[in-house]
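Mapping the sequence shown onto numbering that gives the first Met the number 0, position 25 (from 1) lands on 24, and the numbers just tick up by one.
Hints are computed from structural coordinates only; laboratory data are not their basis.
Remember, it's a predicted structure, so these values are computed and weren't measured experimentally.
Keep in mind that the hints are not guaranteed to be accurate.
Below, in silico cross-link-like pairs of lysine to any residue (SDA-like), each with a Cα-Cα straight-line distance of 25 Å or less [stated by the list, open to error]:
| no. | residue 1 | residue 2 |
| --- | --- | --- |
| 1 | Lys53 | Ile123 |
| 2 | Lys103 | His38 |
| 3 | Lys77 | Ile123 |
| 4 | Lys175 | Ile123 |
| 5 | Lys175 | Lys105 |
| 6 | Lys77 | Gly57 |
| 7 | Lys53 | Val22 |
| 8 | Lys252 | Arg292 |
| 9 | Lys252 | Ala282 |
| 10 | Lys201 | Gln329 |
| 11 | Lys164 | Glu139 |
| 12 | Lys187 | Tyr206 |
Computed Cβ-Cβ distance ranges for the label pairs, DEER-style [what the hints assert, rightly or not]:
| no. | residue 1 | residue 2 | range |
| --- | --- | --- | --- |
| 13 | Asn296 | Glu122 | 49 to 57 Å |
| 14 | Gln184 | Ile144 | 31 to 39 Å |
| 15 | Asn283 | Pro246 | 55 to 63 Å |
| 16 | Ile117 | Gln180 | 35 to 43 Å |
| 17 | Ala282 | Gly57 | 40 to 48 Å |
| 18 | Gln98 | Gln184 | 17 to 25 Å |
| 19 | Gln184 | Gly254 | 52 to 60 Å |
| 20 | Tyr317 | Thr190 | 49 to 57 Å |
Even for Gly, the Cβ is constructed at its ideal location relative to N, Cα and C.
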Amino acid sequence: MQSNGNFAGTPNELFPIIEHEGVHVVDSRLIAEALGIEHHNFMETIRKHQNKTKEYFGQLLFETEVVNGHQGGGNPKKYALLTENQALFIATLSRNTDQVIEFKAKLVASFAVLRQDIAKLQEIWNEVREHLESQTEVQEGLVQIEKVLHLILTHQDRSMESMQKLAKENALLQEKQMRMQREVQTYKNETQALKEDMKVLKDSVKYLQQQQHKTEQLLYQTIEQVESLMKRFGIDAECFVYVLFSPMLGWHKIGWSETVGVRQQQLRTALKDLMFVLAIPTANREEAIALERALHNHFEHCRQGGTEYFILTDDDLYYLETLRQANQRQLELRGA
Numbered sequence: 000m001q002s003n004g005n006f007a008g009t010p011n012e013l014f015p016i017i018e019h020e021g022v023h024v025v026d027s028r029l030i031a032e033a034l035g036i037e038h039h040n041f042m043e044t045i046r047k048h049q050n051k052t053k054e055y056f057g058q059l060l061f062e063t064e065v066v067n068g069h070q071g072g073g074n075p076k077k078y079a080l081l082t083e084n085q086a087l088f089i090a091t092l093s094r095n096t097d098q099v100i101e102f103k104a105k106l107v108a109s110f111a112v113l114r115q116d117i118a119k120l121q122e123i124w125n126e127v128r129e130h131l132e133s134q135t136e137v138q139e140g141l142v143q144i145e146k147v148l149h150l151i152l153t154h155q156d157r158s159m160e161s162m163q164k165l166a167k168e169n170a171l172l173q174e175k176q177m178r179m180q181r182e183v184q185t186y187k188n189e190t191q192a193l194k195e196d197m198k199v200l201k202d203s204v205k206y207l208q209q210q211q212h213k214t215e216q217l218l219y220q221t222i223e224q225v226e227s228l229m230k231r232f233g234i235d236a237e238c239f240v241y242v243l244f245s246p247m248l249g250w251h252k253i254g255w256s257e258t259v260g261v262r263q264q265q266l267r268t269a270l271k272d273l274m275f276v277l278a279i280p281t282a283n284r285e286e287a288i289a290l291e292r293a294l295h296n297h298f299e300h301c302r303q304g305g306t307e308y309f310i311l312t313d314d315d316l317y318y319l320e321t322l323r324q325a326n327q328r329q330l331e332l333r334g335a
């Protein structure tokens with residue numbers, strides 16, 4: 000299924016969205032072209048983050064095409080079919096240049112047009128259903144025709160031409176009735192399929208709730224381990240600069256907190272949307288505020304608007320972990 004409609008407020012040239020095995024996807028070759036990068040480089044990025052993409056957004060779909068070579072043979076080339084969430088997640092790994100921003104806008108608009116077209120199809124089906132509800136009127140019409148035929152048979156002065164005409168009308172109505180019956184059966188089949196889809200959705204929600212519970216337990220264990228290490232090594236850390244991650248947005252939040260215990264209570268409330276990454280210990284409130292401001296300036300190039308959210312790379316997270324270890328050693332030396 001492909002949508003060619005225009006979405007209000009967006010350019011006419013949108014991505015062609017296709018349906019593959021019941022899933023709406025977009026071709027990685029088109030994404031690479033829109034981002035202005037070589038397709039093989041884009042595929043390397045997809046493979047590099049394949050596990051994380053699969054963990055949050057489902058199994059990746061890979062296809063192989065054959066491009067004719069100079070010798071008449073074929074060179075197999077792989078490409079990926081990405082869902083909307085998969086494509087947006089991988090796109091967040093690129094810096095927000097004008098071309099990347101244009102791509103994200105066109106991708107979101109393309110899937111919005113698709114959903115708009117699906118809504119139109121639903122409206123058409125609703126009209127068909129209203130016609131199905133008029134089936135009773137068709138039945139009543141058939142009864143009336145049978146009465147008329149009976150009168151024709153009992154009064155032989157009626158002409159054969161009139162009988163033939165009524166017989167044709169009767170056949171047309173019966174054909175219409177059969178067509179409506181087939182539409183009713185199709186509707187029942189689609190209703191059953193929808194019920195099965197709802198069951199799959201409920202199972203998925205249940206699974207996500209279980210995963211959220213596991214993540215919450217892991218977070219509490221991590222915080223308890225941090226507090227245990229502080230007591231063990233005599234670390235006098237009054238404040239922390241923390242890093243959280245939003246899987247839905249693909250952004251990291253950098254902020255500071257008074258104590259681990261206080262922040263633990265706050266994280267319990269925010270856990271539905273944010274995941275704990277690390278906490279950098281500091282000696283006091285002033286050091287925590289200064290470090291937070293320094294990190295905000297350091298990552299200014301990847302800040303999202305005027306917020307405390309940033310798009311961090313693996314190298315950025317390694318830098319933060321190194322900083323955490325250095326601060327922890329300094330606090331250990333102070334406590335020695």
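We went through each hint and held it up to the structure:
| no. | hint | verdict |
| --- | --- | --- |
| 1 | Lys53 to Ile123 | 36 Å, violated |
| 2 | Lys103 to His38 | 17 Å, holds |
| 3 | Lys77 to Ile123 | 38 Å, violated |
| 4 | Lys175 to Ile123 | 18 Å, holds |
| 5 | Lys175 to Lys105 | 44 Å, violated |
| 6 | Lys77 to Gly57 | 19 Å, holds |
| 7 | Lys53 to Val22 | 15 Å, holds |
| 8 | Lys252 to Arg292 | 13 Å, holds |
| 9 | Lys252 to Ala282 | 21 Å, holds |
| 10 | Lys201 to Gln329 | 50 Å, violated |
| 11 | Lys164 to Glu139 | 19 Å, holds |
| 12 | Lys187 to Tyr206 | 29 Å, violated |
| 13 | Asn296 to Glu122: 49 to 57 Å | 52 Å, holds |
| 14 | Gln184 to Ile144: 31 to 39 Å | 25 Å, violated |
| 15 | Asn283 to Pro246: 55 to 63 Å | 33 Å, violated |
| 16 | Ile117 to Gln180: 35 to 43 Å | 26 Å, violated |
| 17 | Ala282 to Gly57: 40 to 48 Å | 45 Å, holds |
| 18 | Gln98 to Gln184: 17 to 25 Å | 50 Å, violated |
| 19 | Gln184 to Gly254: 52 to 60 Å | 58 Å, holds |
| 20 | Tyr317 to Thr190: 49 to 57 Å | 52 Å, holds |
The structure is inconsistent with the numbered hints 1, 3, 5, 10, 12, 14, 15, 16, 18, although it conforms to all the rest.
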